[in-house]
Amino acid sequence: MHISNFFLASNPKPVRDAMARHREAFDQNPYTYLEDHMFAKPEDMVWRKVCETAAAYTGGRAEDIALTTSTTQGLAMIYNGIKLNPDQEILTTHHEWYTHDEAMRLAVVKWGGSIRRIDLYQGPQDVSVDAIVARIEAAIRPSTRILAMTWVHSGTGVRLPVKEIGDLVVRLNNGRDEAQRILYVIDGVHGFGCSEAQVASLGCDFFSAGTHKWILGPHGTGLVWGREGQWRHVMPTIPTIMAAEPANAWRQERAPQGDTQAAWVSPGGFQAFEHQWAMIEAFRFIEQIGRTRIAERVAELNGQLKEGLAKLPNVSLLTPQSAQFSAGIVCCDVKGQAPKDVVAKLKAQNIIASATPYRHTSVRFSAGITNTPQDIEKTLQVMHSLT
Numbered sequence: 001m002h003i004s005n006f007f008l009a010s011n012p013k014p015v016r017d018a019m020a021r022h023r024e025a026f027d028q029n030p031y032t033y034l035e036d037h038m039f040a041k042p043e044d045m046v047w048r049k050v051c052e053t054a055a056a057y058t059g060g061r062a063e064d065i066a067l068t069t070s071t072t073q074g075l076a077m078i079y080n081g082i083k084l085n086p087d088q089e090i091l092t093t094h095h096e097w098y099t100h101d102e103a104m105r106l107a108v109v110k111w112g113g114s115i116r117r118i119d120l121y122q123g124p125q126d127v128s129v130d131a132i133v134a135r136i137e138a139a140i141r142p143s144t145r146i147l148a149m150t151w152v153h154s155g156t157g158v159r160l161p162v163k164e165i166g167d168l169v170v171r172l173n174n175g176r177d178e179a180q181r182i183l184y185v186i187d188g189v190h191g192f193g194c195s196e197a198q199v200a201s202l203g204c205d206f207f208s209a210g211t212h213k214w215i216l217g218p219h220g221t222g223l224v225w226g227r228e229g230q231w232r233h234v235m236p237t238i239p240t241i242m243a244a245e246p247a248n249a250w251r252q253e254r255a256p257q258g259d260t261q262a263a264w265v266s267p268g269g270f271q272a273f274e275h276q277w278a279m280i281e282a283f284r285f286i287e288q289i290g291r292t293r294i295a296e297r298v299a300e301l302n303g304q305l306k307e308g309l310a311k312l313p314n315v316s317l318l319t320p321q322s323a324q325f326s327a328g329i330v331c332c333d334v335k336g337q338a339p340k341d342v343v344a345k346l347k348a349q350n351i352i353a354s355a356t357p358y359r360h361t362s363v364r365f366s367a368g369i370t371n372t373p374q375d376i377e378k379t380l381q382v383m384h385s386l387t
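If you count the sequence shown from 1, position 365 lands on 365 in full-length UniProt numbering, and the numbers rise without skipping.
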């Protein structure tokens, strides 16, 4: 029984079938299949259709989506592509996952500037829109160039009010010079596919997410969504094969003309194209189910889990009870027991959970649309026997 849906998707049949179809075609004639579907006529380029399908889900324009292999790669493309001045900073939190934090650190080592981290909450009782927005507003300085947030924290299950934070950024940017305006970046993977909001409505400038988690897409796939006009701030890191201008400029021994486009930031080199191109079926699959139905089901199951865990002796929830401030991850501490030991005992009862690999480690559950209320009840029964 998998109560660890946040991690890596088991692909639904339409996605598996699409991967198999592309893989067989590549095996039959790798040169022609790639040439015809990647480098020939624009209307036959499958990556464009991937971006179009993704944009129907995210909102915004297909041309503002860069394709990546993961949330991590997307974040690295963003932070390494935005050159900070020595007196500018990235403002972020102590709640970030390692790869988000490290992407920022490596960018600052490369370009200069600095990183400053703040706490947004100490526990679930501290989480509210007003409190979080106020803490961020108090921390922002004239030198803050990038505001780096995570939609749903994988170490606590807390879902941030990212839209209200975006509204704050808009207000604070009024009157700032263009070169000093705050760029708002979201690591969005644990809200992307299990929350109802469209990415384009969140008020951010850049949003990175893997599509191999809640989107149920092929492993090794992801995207970065950029607000229209904002890609000009990003310098590509890896040469692309998804745009003509950079290659044409190389042939003509000149610099690429015009502002950076999303496709220029999509890392080049030959990818696992059978996976990347099957992203189309993943987005179609969850759209057929319906984003509202998915969000409601995820909230229902994880709400049942939180309610039950809160009643158990020696269990302390780290995730807010309110669905407004949580999504598909539920974290808790069990008094007197190491999280890895609790996870091992659950596994012995055929329940797959996880221990968060943060400085403070906790027991982590994650119910998705493949689970049932009976799965949650069974999990709670086993947890009761352990506490």
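Read the hints as simulated data drawn from the structure, not as lab findings.
Watch out, some of these pointers could steer you wrong.
[To be verified] In silico lysine to any residue, SDA-like type, Cα no more than 20 Å apart, as pairs:
(1) K163 to F273
(2) K83 to I182
(3) K378 to A310
(4) K83 to R141
Cross-check of the supplied hints:
1. K163 to F273: 34 Å, violated
2. K83 to I182: 13 Å, holds
3. K378 to A310: Distance of about 16 Å is within 20 Å: holds.
4. K83 to R141: 18 Å, holds
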